[in-house]
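> If you read the sequences in order, they're chains A and B. Okay, so the first sequence: first residue is 4 according to this note's numbering, each after it adds one. Okay, so the second sequence: first residue is 41 according to this note's numbering, each after it adds one.
Everything labelled a hint here was simulated from the structure, so no lab data went into it. Watch out, some of these pointers could steer you wrong.
[Said to hold, decoys possible] So, partial list: chain B residues that the calculated Cβ filter (under 8 Å) puts toward chain A: (1) P55; (2) W58; (3) L76; (4) H77; (5) M109; (6) L112; (7) R146; (8) N147; (9) F169; (10) K197; (11) L200.
[What the hints assert, rightly or not] Partial pick of chain A residues on the chain B-facing surface, computed with a CB cut under 8 Å: (12) L11; (13) D21; (14) A26; (15) E78.
Fair warning: this is a prediction, and the values are worked out from it, not measured in the lab. All C-beta atoms in this analysis are idealised placements derived from N, C-alpha and C, irrespective of residue type, glycine included.
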Amino acid sequence: MSDIEFELTKRFAELRADDEASAPSYVEARDRGADAIEAIRPTRRRARWMTPALIAAVAAGLVVVWVARAPSSGERASRKAWLRDSSLNVFRWDMPTDGLLTSARRTLQTPALFGSVLDAAAVPIPGTPFKGD
Amino acid sequence: MDRTELERQLERLHPECWGWALACTGRDRALAEDALHNAYLKVLSGRAEFDGRSRFKSWLFGVIRFTAMEELRRTSRWRVGGSERDVSDAIDPSPGADVTTEQAERNAALLAALAGLSPRQREVLHLVFYHGMTIEDAAGVMGVSIGSARTHYERGKKALAGQINEVDVR
Chain A
4 MSDIEFELTK RFAELRADDE ASAPSYVEAR DRGADAIEAI RPTRRRARWM
54 TPALIAAVAA GLVVVWVARA PSSGERASRK AWLRDSSLNV FRWDMPTDGL
104 LTSARRTLQT PALFGSVLDA AAVPIPGTPF KGD
Chain B
41 MDRTELERQL ERLHPECWGW ALACTGRDRA LAEDALHNAY LKVLSGRAEF
91 DGRSRFKSWL FGVIRFTAME ELRRTSRWRV GGSERDVSDA IDPSPGADVT
141 TEQAERNAAL LAALAGLSPR QREVLHLVFY HGMTIEDAAG VMGVSIGSAR
191 THYERGKKAL AGQINEVDVR
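Can you build the whole structure from these sequences, using the hints too?
Rendered as C-alpha cells:
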C-alpha cells in the first residue's frame with residue numbers, strides 16, 4: 004500500500020466511524036418499511052399469476068374461435084367441387100378479348116351446312132370487302 | 041434467499057449501507073434515509089431479487105445506489121458532488137461523543153476534497169477506501185467495466201491526495 008493509499012484509508016476510516024456513530028438503527032429502517040411491504044405483497048402475488056393466466060385465456064379463446072370457424076369435412080368437399088366446376092375457376096377462364104384473336108373473316112363466315120375439306124380455303128363472301136380490295 | 045436470511049444480511053450490513061447511502065445522496069441525511077428505506081423495501085418485498093451472480097454486499101450497494109439516484113431525480117435535488125452545499129453542512133451537527141473537533145475538521149477536509157472529484161471517481165474511491173471493496177467489486181456496484189473503474193480509481197486517488205494536501209495546507 005502506497006503512502007497515498009494509507010493516508011486515504013485512514014481518512015475514510017475516520018469518516019466511517021463518524022457516520023456509523025450517527026446512523027439510524029436497522030430496526031428503525033425496517034419497521035418504517037414494514038407497512039409498505041405488506042401493502043405491496045398482495046398486489047405482487049396477484050400480478051405473478053395474472054399474466055400467465057391472461058395469456059392462457061387469450062390462447063384458449065383463439066383455439067375455440069378457430070375450431071368453431073373450421074368447416075366440416077362434407078363442407079370442405081362441396082367447396083372444393085364448387086371451385087373445380089365454377090366459372091370462377093382460373094384454369095377455365097377465357098379472356099374477354101379472346102374473340103379478337105380469331106380472324107374476322109372466319110368469325111363472320113356462315114357456318115357450312117355440310118362440312119368439306121375446302122372449308123379451310125378462304126372463300127370471299129359476297130358484299131364483304133376484303134382488306135386487299 | 042428467504043426473508044429471515046435477507047433480514048440477517050441487511051442488519052449485518054446496515055452500518056455500511058448507511059455510509060453508502062450518504063455518499064450516494066451527496067451526504068444529505070434525509071435523502072439518505074429515504075433511499076435506504078426504499079432500498080430495504082425493494083429487497084424485502086422481492087422487487088429486487090439477489091441472483092447470486094455477485095457478492096450480496098455488492099448487489100445490495102447497487103440497489104442502494106440506484107434507489108438513491110431515483111430519490112435524487114424524484115426530488116430534483118441532484119447535485120454534482122454536493123458542491124452546491126457548504127461543506128460544513130455535510131458534517132452532522134451532533135456527532136458522537138467520541139468524535140473530536142479535530143476529527144470533524146479532518147472529515148470536512150476529506151469531504152471538501154471529494155467534492156472536487158467527478159461522481160465516478162468519488163464513488164470508486166468511497167467503495168474502495170470506505171468500504172474496503174476491491175476495484176472489481178466497485179465496478180460491479182457502479183455498473184462500469186473493471187478497466188473504467190480502475191482508471192477512475194487511479195485518477196481520483198491522485199486528485200484526492202492533491203486536494204487533501206491543499207485543504208490541509210490552508
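> State for each hint whether it applies.
Each hint, compared with the structure:
Nearest Cβ of chain A to the Cβ of B/P55: about 5 Å, under the 8 Å cut. The hint holds. Because the closest C-beta pair between B/W58 and chain A is about 4 Å apart, less than 8 Å, the hint holds. Of the supplied interface hints, the one on B/L76 holds, with its beta-carbon coming within about 6 Å of a beta-carbon of chain A, less than 8 Å. Interface restraint check for B/H77: the shortest CB-CB distance to chain A comes to about 6 Å, inside 8 Å, so the restraint holds.
Because the smallest distance between the Cβ of B/M109 and any Cβ of chain A comes to about 19 Å, over 8 Å, the interface hint for this residue is violated. For B/L112, the interface hint is violated, the least distance from its beta-carbon to any beta-carbon of chain A being 19 Å, above 8 Å. Nearest Cβ of chain A to the Cβ of B/R146: about 6 Å, under the 8 Å cut. The hint holds. Given the 8 Å rule on beta carbons, the hint for B/N147 holds: about 5 Å separates it from the nearest Cβ of chain A.
Hint status for B/F169: holds, given a least beta-carbon distance of 4 Å to chain A, under 8 Å. A distance limit of 8 Å between C-beta atoms decides the matter here; for B/K197 the minimum to chain A is near 6 Å, and the interface restraint holds. The restraint placing B/L200 at the interface with chain A holds, with a minimum CB-CB distance near 7 Å, inside the 8 Å limit. The interface hint given for A/L11 holds, since its Cβ lies 5 Å from the closest Cβ of chain B, which is under the 8 Å cut-off.
Below 8 Å, beta-carbon pairs count as interface contacts, and A/D21 has one with chain B at about 5 Å; its hint therefore holds. This hint holds: A/A26 has a C-beta 4 Å from the nearest C-beta of chain B, less than the 8 Å allowed. Because the smallest distance between the Cβ of A/E78 and any Cβ of chain B comes to about 53 Å, over 8 Å, the interface hint for this residue is violated.
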